[in-house]
Amino acid sequence: MSAPLLAARGLGKSFGGLKAVDDINLEARPGSLLSVIGPNGAGKTTLFNCLTGIYRPERGRVEFNGRNITGAPPHRVCHLGIARTFQNIRLFPEMSALDNVLVAQFHHSTLAPWDIILRTPGFRRCEREHLAEAMELLEWVGLAGKAEAQARDLSYGLQRRLEIARALAARPRVLLLDEPCAGMNPAEVNGIIELIATLRRRELAILLIEHHMKVVMEISDRILVLDHGVALAEGEPAAIRSNPEVIRAYLGSEA
Amino acid sequence: MTRHLKHPAVVGVAGLLLITFPFLWLKLRYNYQEGTVAAAWAPDGAIRFFRNLAPVLGVVLAVLLARRWSMAWRPMAKGWESAVACTGHRAFPVILVLTCLAAGPFLGPKYLTMGVFAGLFMLQALGLNITVGMAGLLVLGYAGFYAFGSYAYAVGQVLLPGLRWWMAAPVVFVLGGAVGWLVGLPCLRLRGDYLAIVTLGFAESFRELMRNLEITGGDKGLSLQPAAKIQSLGSLPASLVAYILVVLLVGLSAWTIRRLYHSPIGRAWVAIREDETAAACMGIPVVTMKLKAFALSAAFAALAGLLYAAFIGFVDPAACSFEQSVMVLAMVILGGLGSIPGSVLGAALLYFIPTLLRDQFPALSEYRLLLFGAIMVAMMLCRPQGLLGSAQRAHEIKGDA
Chain S
1 MSAPLLAARG
11 LGKSFGGLKA
21 VDDINLEARP
31 GSLLSVIGPN
41 GAGKTTLFNC
51 LTGIYRPERG
61 RVEFNGRNIT
71 GAPPHRVCHL
81 GIARTFQNIR
91 LFPEMSALDN
101 VLVAQFHHST
111 LAPWDIILRT
121 PGFRRCEREH
131 LAEAMELLEW
141 VGLAGKAEAQ
151 ARDLSYGLQR
161 RLEIARALAA
171 RPRVLLLDEP
181 CAGMNPAEVN
191 GIIELIATLR
201 RRELAILLIE
211 HHMKVVMEIS
221 DRILVLDHGV
231 ALAEGEPAAI
241 RSNPEVIRAY
251 LGSEA
Chain G
1 MTRHLKHPAV
11 VGVAGLLLIT
21 FPFLWLKLRY
31 NYQEGTVAAA
41 WAPDGAIRFF
51 RNLAPVLGVV
61 LAVLLARRWS
71 MAWRPMAKGW
81 ESAVACTGHR
91 AFPVILVLTC
101 LAAGPFLGPK
111 YLTMGVFAGL
121 FMLQALGLNI
131 TVGMAGLLVL
141 GYAGFYAFGS
151 YAYAVGQVLL
161 PGLRWWMAAP
171 VVFVLGGAVG
181 WLVGLPCLRL
191 RGDYLAIVTL
201 GFAESFRELM
211 RNLEITGGDK
221 GLSLQPAAKI
231 QSLGSLPASL
241 VAYILVVLLV
251 GLSAWTIRRL
261 YHSPIGRAWV
271 AIREDETAAA
281 CMGIPVVTMK
291 LKAFALSAAF
301 AALAGLLYAA
311 FIGFVDPAAC
321 SFEQSVMVLA
331 MVILGGLGSI
341 PGSVLGAALL
351 YFIPTLLRDQ
361 FPALSEYRLL
371 LFGAIMVAMM
381 LCRPQGLLGS
391 AQRAHEIKGD
401 A
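First to last, the sequence lines map onto chains S and G.
The opening position of the first sequence corresponds to residue 1 in this note's numbering, with each subsequent residue numbered one higher.
The opening position of the second sequence corresponds to residue 1 in this note's numbering, with each subsequent residue numbered one higher.
What the hints contain is simulated information worked out from the structure, not anything from laboratory work.
Virtual Cβ for every residue (Gly too), placed ideally from N, Cα, C.
Any given hint could turn out to be false.
As the list claims (entries may be wrong) - Label-pair restraints from in silico Cβ distances:
#1 G:L185 x S:I117: 22 to 32 Å
#2 S:N88 x G:V158: 56 to 66 Å
#3 G:L18 x S:H79: 53 to 63 Å
#4 G:V287 x S:E63: 16 to 26 Å
#5 S:P39 x G:A178: 50 to 60 Å
#6 S:L18 x G:P22: 46 to 56 Å
To be verified - Just so you have them, the derived chain S footprint on chain G, three or more residues with Cβ under 8 Å:
#7 251 to 261
#8 280 to 294
For reference, chain S alone in the conformation it holds in the complex (with noise of 0.2 Å):
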C-alpha cells in the first residue's frame, strides 16, 4: 500500500461549544478514493473546509506528503496540489466556463508583470498551453461546445461537472469532492460516476462528500462515517454497510 498523500491526525474544530470536527483521523492514498459520509450536519464540509485551509483546525495536525501544513492559506493548499469543489456551487458565474477553468491555472504560470504587458513569446506559450488544457478538460466533462458560455448561464448538472474541471486545472494531486452528485437526476448520477472512475486511473487520490448510498458503496475503496463530529467508522463498504452502529446512526434499514 502506498503511503498516504493526505493525512489529517486527530483533527478538531469547534464553533462555540459545538464540536464540529472531533479528534478525525484519516489517510488518501493516490490512486483510491475515501467516502466520508454522515447525516447532515455530522462536519462532513467542516472536515474539508480544514482540510483545504478555510478553517484553521484547532487540534490536530494535517499532513501532506508527510509535511505538516495545518493552517496553511487556502491558495497555498492548493498549491501544494489539494484541489475541492464546494456543495454549493461556488464557479465564478459572469466568468466564461473557459476562465473559470483558466483561472485555477494560476499558479502554473510564472510570467513576470512584463511579459503579460507586452505579449513575449513566453506569454504566448503559456497562456497557449493552459487554453489547450482547459479545453482538455472541459471537453472530457462534457463541456467542450460551451466554453464561452457563462457560468451562471450553465444548467445545474453541467455547472456542478464545471467545477470538476476547475479543480482538475488546479492540477491536483488530491481531490475533494464535496456532494458533487447532490440534486442530480440518476442519469446525471451515472455520468458523475463515471467521470470519477475514470479520475482514480489518473492517480489522484479522491476525497468524495455523499449522500446517494448507491455512489458511496460502488466506487468507494473505503468510507468514512462521521456522526456529530466524531468517526463513527472506518473502513471498507462491506464492513461498514453491516457495522449496526452506522445503520442506527445513518444508514437505517434500507441499506
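Using the hints provided, position chain G relative to the given structure of chain S.
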C-alpha cells in the same frame, strides 16, 4: 385609475415632491425680536427648480417611454450592442487616439483644457476600474490617491528645485502604488462596505493632513514654480503639449490595463470579485492580488494628480474631496464595471455633459448632482450593466493559435 396611481413613476414623482416640499415651497422666516421661526409659502424657488429640471426630466422620461412603448427600443438596444462590440475591436482605440491627436491643433485653448481634464478623469476611471470593476473592491476614497500625486509633485518641486514633471512622473507613479499598497494592507481583512469606509477615511485624513501641514500651504494650497509646470515645446503651446501627453497616456494606460485584464492576473482579479473563497481554493493568492489591484489603481490616480498639478500649476485640499471620489466612481459605474472602453466613455460623458451644460445653460449647473442621479437611475433601469458593460470577453490567444 388606481392602477396608474400605483405606477412606480407616479409614486416616484409624488415622493420627490413630498421630500422636496419643505425646501422648495416654503421659506423659513426668522423673527429675531420674538425669537420665533415660521414657515411661509414661497413657491418661487420651486418654480425655478422645476423650470431648470424640466429638460433633465424630459430626457429621462423620453428614455423610459421609449423603452416602455416604442417599437424602436429593441433595434436601438441591438444597435448599441453592436456598437459595444466595435469598442472591443483592436483598431478602435488606435483610431480614437489618432483622431484625438489629429484634432488637437485645431482646438482652442478652452477646449484643449477641457480635453486635458477629461483625459485626467479617464486616467482615474481606468485606474479605479481595476479595483472596483475587476477585483470588486469598493473604494470610496480614490481622490486621496489623486491628491497624493498632486501634493507629492508640488511638495517635491519645493524641496528639490529643478524638478520637472517628466522626472517626477515615474517616481510619483511608483510612490502612488506604494501608498496604495500601504493603505491596502490594513484593509485586506475587510470586505465590501468596510473597505469602502476605510478608503474614505484615508482620503479624508489625507485632506486634513494637507490642510494642516505648513509645507503644503494649508487651506490656501500651493502654487508651483512656473518652471515646474508643463512647458510649451517648440511651437506647441503648453496646453497642446499637455493635451497630447494626456491623450497618449490614456491610450497607453488603457492598452496596458487591457493586457493585464486578458491575462492570468486579470482573471484572478475577476475571480476574486466573483467569489473570494472559491478563488483562494483555486490557488489565487487573494491578499497579494488585491494589494496589486489596489496599488496599480492608486498609481494611476497619483499619475493623474501629478499631471493635474503640472498642468494647472496649483494644488489645494479640494482635490481630494469626497465629491471627486464619487464622481470617478460614477464614471466607472456608468461606463460599465470592469469594462475598459466603458471607463473612458463614462469619464467623457460625466465630464463633458456637466461642463457643456454649464457653458450653455448656466442655471443648470447647480443641479449637476441631480443630473448625475437622473443619469444613474435611467441607466439602472435601461442598462444595469453599464453603457459598455459585459461585452463577452474574447480570447485573444485563441485567435492567434
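| Taking 46 to 56 Å as the hint, is the beta-carbon distance of S:L18 and G:P22 inside that range? | 53 Å, holds
| Cβ separation of G:L185 and S:I117, checked against the hinted range 22 to 32 Å | 25 Å, holds
| Distance restraint evaluation - G:L18, S:H79, Cβ atoms, bounds 53 to 63 Å | 58 Å, holds
| field | Coverage of the segment 280 to 294 of chain G by chain S (three or more Cβ within 8 Å) | value | holds (count 7)
| query | Given a hinted range of 56 to 66 Å, is it respected by the beta-carbon distance of S:N88 and G:V158? | reply | At 57 Å between Cβs, range holds.
| said: Within 16 to 26 Å: is that where the Cβ-Cβ distance between G:V287 and S:E63 falls? | reply: Cβ of G:V287 to Cβ of S:E63: about 25 Å, so the range 16 to 26 Å holds.
| query | Does the Cβ pair S:P39, G:A178 satisfy 50 to 60 Å? | reply | 53 Å Cβ-Cβ, so the 50 to 60 Å window holds.
| message | Closer than 8 Å Cβ to Cβ for three or more residues is the test here. Does the segment 251 to 261 of chain G pass it with chain S? | response | The restraint on the segment 251 to 261 of chain G holds, since 3 of its residues have a Cβ under 8 Å from chain S and three suffice.
In terms of the numbered hints stated before, the structure departs from none.
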